[in-house]
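*Asks:* In order, the protein sequence lines correspond to chains L and Z. So in this note's numbering, spot 36 of the first sequence is number 21, and the numbers just go up one at a time. Quick note: to get this note's numbering, add 408 to the position in the second sequence (first position is 1).
Among the clues, some could well be false.
[Claimed, not checked] DSS-like mimics (lysine-lysine), calculated; alpha carbons at most 30 Å apart, straight line:
hint: 1; chain 1: L; residue 1: Lys90; chain 2: Z; residue 2: Lys644
hint: 2; chain 1: L; residue 1: Lys191; chain 2: Z; residue 2: Lys644
hint: 3; chain 1: Z; residue 1: Lys583; chain 2: L; residue 2: Lys120
hint: 4; chain 1: Z; residue 1: Lys588; chain 2: L; residue 2: Lys165
hint: 5; chain 1: L; residue 1: Lys90; chain 2: Z; residue 2: Lys583
hint: 6; chain 1: Z; residue 1: Lys646; chain 2: L; residue 2: Lys55
[Claimed, not checked] Some chain L residues near chain Z, calculated using beta-carbon distances under 8 Å:
hint: 7; residue: Phe(-9)
hint: 8; residue: Met17
hint: 9; residue: Val70
hint: 10; residue: Thr91
hint: 11; residue: Cys139
hint: 12; residue: Gly149
hint: 13; residue: Leu154
hint: 14; residue: Phe178
hint: 15; residue: Arg185
hint: 16; residue: Trp187
hint: 17; residue: Met189
hint: 18; residue: Gly190
hint: 19; residue: Ile198
hint: 20; residue: Phe201
hint: 21; residue: Met205
[Unchecked claim] Selected chain L positions facing chain Z (in silico; Cβ < 7 Å):
hint: 22; residue: Leu24
hint: 23; residue: Gly25
hint: 24; residue: Gly51
hint: 25; residue: Phe92
hint: 26; residue: Tyr159
hint: 27; residue: Trp162
hint: 28; residue: Pro164
hint: 29; residue: Val180
hint: 30; residue: His181
Think of the hints as simulated: they come from the structure by calculation, not from any bench. For each residue, glycine too, the CB sits at the ideal point set by N, CA and C.
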Amino acid sequence: MLILTFSFACYLFAIRKRPLLYVGLVLQIAYMISRAAELGRLPLVGPHDTLVFLTASIAAFAIPFGFALKDRNRFFNVVAILASVFTAFAMITRQHNSPLPPVLKTFWFECHVVLAFMSYALFGIAAILGGLYLKDQQNSIEGLEYRAVLVGYCLFTLSMIFGGIWAYLAWGTYWVWTPKELWTSILWAFYTFYVHVRLRQWWMGKPAAILGIAGFGVVMFTYLGVSLLMKSSHGF
Amino acid sequence: MKIIKQITDFFFSLSTTLWLLGLLLLLLFAGAFIMPGTQEFQEIHSIPLFDWLQTEPLKITWWLWGLTGILAILALNTIFCSIESIVRKRKVTQWLLLISPQIIHIGFLFMIFAHLLSAIGASQELAVVREGSLVKISANTLLKIEDININIDYYGYITGWAISVEYLSDGKTFKKDIIKPNNPSVHMGFNINVKDLRAYPVEAVLLQINKEPGALWALIGGVLFMAGIVTLIILKIKVER
């Protein structure tokens, strides 16, 4: 937990000194490795571990996107704030240390979760870029936002496919009518709408940027809101 | 003639896609708020979706009827737009760039088809069984539970299981199988897996017998969708470089 506290501090102070963002990321990776060694499995179950993984993914994906920007300071500052907020939430949530149920011990589950959170991170990056575009009105920023969404959409779709394969093997059906699945469909349909809408000239720029920001709201509700407020087959 | 043109223009249009996706989102949003608070949805998997829809009141199912209609129109719109795109851009040199979005669309159509098949023919039944229990799978097929083996660790957590089963027809065993976590027994379109189990006082298993006719089509659709989208992203990166 000490490593996580240090990574939180690094993210927080990365607003002043950007190299601390990289230090925070390295510390968080070290924390995940230590958790994996302690548990004997990938630490990807429950809000604590998934929030840590999401934060590390946001920080990691921010690096290539940040370096593609001319004015990268503000972008990295927002990333640092987001990373420190998520890390703070991770620190106050309970760790899931009990052994995994046998049905969760499979490659399909691990890939499903890893890809889902990597896509969430990319949607988060897209939302940050959308916010920066609304401030600066630079087309290159909105182009980057589109790329982040496109790669995130690809990973998210792959995550859904892996989830479907796993559900079929574990429970005999690739689709279950639960709030989590429904919100996952909403998320997928939302970004399907985004990638199609952007083919229209009128929707490029401000409307697409706003959609990218709204999309991350749907991501957050699908991830945290549904799990906290509704009964579902997914713990998180 | 004018009406036919209006209909074809409607199906060939990207605006139609956007409106349909917007409506789809609204219906999914509505369903996300109706479903969690409605008791009737607990039974949604027990019979095919279309059968279930006909037995339940419209005030809780209207969004699912709406989704079915929107998806049907969206499927037609996808086919029309893909054909139009191929015809319009057929002379482009980078044919992979032209074809990859259409592969994504074909993957989507396969997934819709999979859900349609499942909505017509999927079912789910539960059975509590012990060693020696017999479960009727189909008119002339019985499933016999030969052996239940549950692994429990030092702390009392279940770490695994192996349920030996036999398929019987006219009293004769014709197939043996073992059900393990993430390793169901599949026979004649039925997928038999363990939903729950207990070790004490007597070893007992809650078996789930699913029929999911859309599963293979969904997998094919997923693979095509991914192949298309990965190709598209790689090509877009190359073009930009």
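*Asks:* Would you mind marking each hint as holding or not holding in the structure?
*Replies:* Quick rundown of the hints versus the structure:
1. For the given pair, L/Lys90 sits about 36 Å from Z/Lys644 by alpha-carbon distance, which is inconsistent with the 30 Å threshold.
2. The suggested pairing of L/Lys191 with Z/Lys644 holds, with an alpha-carbon distance near 22 Å, which does not exceed 30 Å.
3. For the proposed pair Z/Lys583 and L/Lys120, the alpha carbon gap of about 67 Å is over 30 Å, so the pair is violated.
4. Pair hint Z/Lys588 plus L/Lys165 holds up; C-alpha atoms about 26 Å apart against a cutoff of 30 Å.
5. Using a Cα cut-off of 30 Å, the hinted pair L/Lys90 and Z/Lys583 holds, with the two alpha carbons roughly 27 Å apart.
6. Restraint check for Z/Lys646 and L/Lys55: satisfied, since their Cα atoms lie roughly 22 Å apart, inside the 30 Å limit.
7. Look at L/Phe(-9): its Cβ only gets to about 32 Å from chain Z, farther than 8 Å, so that hint breaks.
8. Annotation: L/Met17 was flagged as interfacial toward chain Z, and the flag is violated, the nearest CB pair being 23 Å apart, outside 8 Å.
9. Taking 8 Å as the C-beta contact cut-off toward chain Z, the hint placing L/Val70 at the interface is violated, the least distance being around 26 Å.
10. A cut of 8 Å between beta carbons decides the hint on L/Thr91: the least distance to chain Z is about 5 Å, and the hint holds.
11. Nearest Cβ of chain Z to the Cβ of L/Cys139: about 5 Å, under the 8 Å cut. The hint holds.
12. For L/Gly149, the shortest C-beta to C-beta distance to chain Z is roughly 6 Å, which falls under 8 Å, so the interface hint holds.
13. A least Cβ separation of about 4 Å between L/Leu154 and chain Z falls short of the 8 Å threshold, and the interface hint therefore holds.
14. A least Cβ separation of about 4 Å between L/Phe178 and chain Z falls short of the 8 Å threshold, and the interface hint therefore holds.
15. With its C-beta approaching chain Z no nearer than about 7 Å, L/Arg185 sits inside the 8 Å limit, and its interface hint holds.
16. Of the supplied interface hints, the one on L/Trp187 is violated, with its beta-carbon coming no nearer than about 11 Å to a beta-carbon of chain Z, more than 8 Å.
17. For L/Met189, the suggested interface contact is broken, since its CB lies about 14 Å from the closest CB of chain Z, more than 8 Å.
18. A least Cβ separation of about 16 Å between L/Gly190 and chain Z goes past the 8 Å threshold, and the interface hint is therefore violated.
19. The beta carbon of L/Ile198 is not positioned within 8 Å of any beta carbon in chain Z (closest approach about 16 Å), and the interface hint is therefore violated.
20. Given hint, L/Phe201 at the interface with chain Z, is violated; its Cβ is 16 Å from that chain's nearest Cβ, farther than 8 Å.
21. Hint on L/Met205 is violated. Least Cβ distance to chain Z is approximately 15 Å, over the 8 Å limit.
22. For L/Leu24, the shortest C-beta to C-beta distance to chain Z is roughly 13 Å, which exceeds 7 Å, and the interface hint is violated.
23. The beta carbon of L/Gly25 is not positioned within 7 Å of any beta carbon in chain Z (closest approach about 12 Å), and the interface hint is therefore violated.
24. Among the interface hints, the one on L/Gly51 is violated; its C-beta lies about 18 Å from the nearest C-beta in chain Z, farther than the 7 Å criterion.
25. Among the interface hints, the one on L/Phe92 is violated; its C-beta lies about 9 Å from the nearest C-beta in chain Z, farther than the 7 Å criterion.
26. Because the beta carbon of L/Tyr159 sits about 5 Å from the nearest beta carbon in chain Z, less than 7 Å, this interface hint is met.
27. Given hint, L/Trp162 at the interface with chain Z, holds; its Cβ is 5 Å from that chain's nearest Cβ, closer than 7 Å.
28. Because the beta carbon of L/Pro164 sits about 5 Å from the nearest beta carbon in chain Z, less than 7 Å, this interface hint is met.
29. Interface restraint check for L/Val180: the shortest CB-CB distance to chain Z comes to about 10 Å, outside 7 Å, so the restraint is violated.
30. Taking 7 Å as the C-beta contact cut-off toward chain Z, the hint placing L/His181 at the interface holds, the least distance being around 6 Å.
When the structure is compared with the earlier hints, violations turn up for hints 1, 3, 7, 8, 9, 16, 17, 18, 19, 20, 21, 22, 23, 24, 25 and 29 and for no others.
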